[in-house]
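Student: Here is what each chain is made of, one letter per residue.
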Amino acid sequence: MKKTLTILFLILLAGLMSNTGNAQSFDAKLALLLYDSFPGYPNSTPYYDSYAGRYRIDLSSNNRTIRITHSIPNNLNDGAGHTVPFSIANNNASYKIGGNLNPLGSTVFNANNNLTVQLSGTDKITVWLGGTVSPPTNAFPSDNYTGTIVITAVVL
Amino acid sequence: MLNTLYPGNGVKQLKKTQLSIKMKLTILNILILMTVLIGKNTFAQDNVNTTTTVNATLIRGLAMEGGNNLFLGEFALKNTDSQKNISNFDGLKFTILGQSNRLVTILYDEFVTLTNVTSNSSSGTQESKLLTFRTNIAEETGPDNGYNDPTPLPSGTSISLYDNSAVGKVNLWIGGTMYLPVSLKNGKYIGKFVVTSVY
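Going down the list, the protein sequences come from chains C and W.
Counting in my numbering, the first sequence runs from 1 upward without gaps.
Counting in my numbering, the second sequence runs from 1001 upward without gaps.
Heads up, some of the hints might be wrong.
Distance ranges between label pairs, derived from CB positions [unchecked claim]:
id, chain 1, residue 1, chain 2, residue 2, range
1, W, Lys-1016, C, Asp-27, 28 to 38 Å
2, C, Asn-75, W, Asn-1164, 26 to 36 Å
3, C, Thr-107, W, Tyr-1199, 10 to 20 Å
4, C, Asn-112, W, Ile-1190, 55 to 65 Å
5, W, Val-1182, C, Asn-138, 30 to 40 Å
Heads up, incomplete: computed chain W residues facing chain C, CB under 7 Å, no partners named [as the list claims (entries may be wrong)]:
id, residue
6, Thr-1052
7, Asn-1055
8, Thr-1057
9, Met-1064
10, Asn-1068
11, Lys-1078
Computed list of chain W residues with no C-beta within reach of chain C, every gap over 12 Å [as the list claims (entries may be wrong)]:
id, residue
12, Leu-1092
13, Asn-1101
14, Glu-1140
15, Met-1178
Derived by calculation from the structure, the hints in this document are not laboratory data.
Ideal Cβ placement from N, Cα and C applies to all residues, glycine included.
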């Protein structure tokens, strides 16, 4: 009976310790700075450009599977009642498993859909985001159009 | 019977049974705890959010207003080479409109060739039918549209567009010098002067 208790305690301890692997954090973040554009002329900033958005997720254990969701605004606004349409094309985002911050060789994905990736042999993933602003011809010129992309990461 | 005969043995047996029950309860509790922990590990998900900002600048397209034709005036040809200055004030004014506070580079032809377009141009040498106009531009920004304190603006110079009610602007005045060689034939001379503005 005492042996059984000891074994159970050890299993319990292992279970508790393995639970700490789920912690995650974001770092290396860069805002997406879209190229200047003119009314009537859509303009895209590619994911591999230095102006692209970027973030890295750091888990505390390797080989986890992570699901990332992006909530992308349809419009950017200038805080004065003016808006311009915004989108991310289905080939204008990429990720790289590991902590490398160079987008060269990264894998293109559609940021409008969920991204589920297993981080084999690592605890990090880096994501780059491009975007397109599509101002109509009557769009109001402004330096201050902004929007927010909400990123949700779930360790499965 | 045993309890009656050996009361000490009965108490020991009772304690043993109680201990066994306690241990079983402990094991049960641990099993329940493990089930909860395993369940948590299997089904619960760590869910973390962050945000990133998207910034965009929408620039007002550049436009030019005014300044279609610059009439340089009528001049009498002389017996020697001569030249005629056209001040910026007497020249042609036009306005560049665009995004406030943005730098705009102004490019223009520093030499414009005017060609004799009158009927007598069929005769004579090529040189006698061409007139050279050396251009210069003066600029003035600010809320005033007048010609108060203009600054020379060489071609290729960048200048910030003054914010005038959310529209950037700069006023330009074209002047220059006409070179009139003695061989020049009389007549009407026309040329094209191109000004380009780029962000």
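Student: Which numbered conditions among the earlier hints are violated in the structure presented, ordered from lowest to highest?
Tutor: 1, 3, 5, 9, 10, 11, 13
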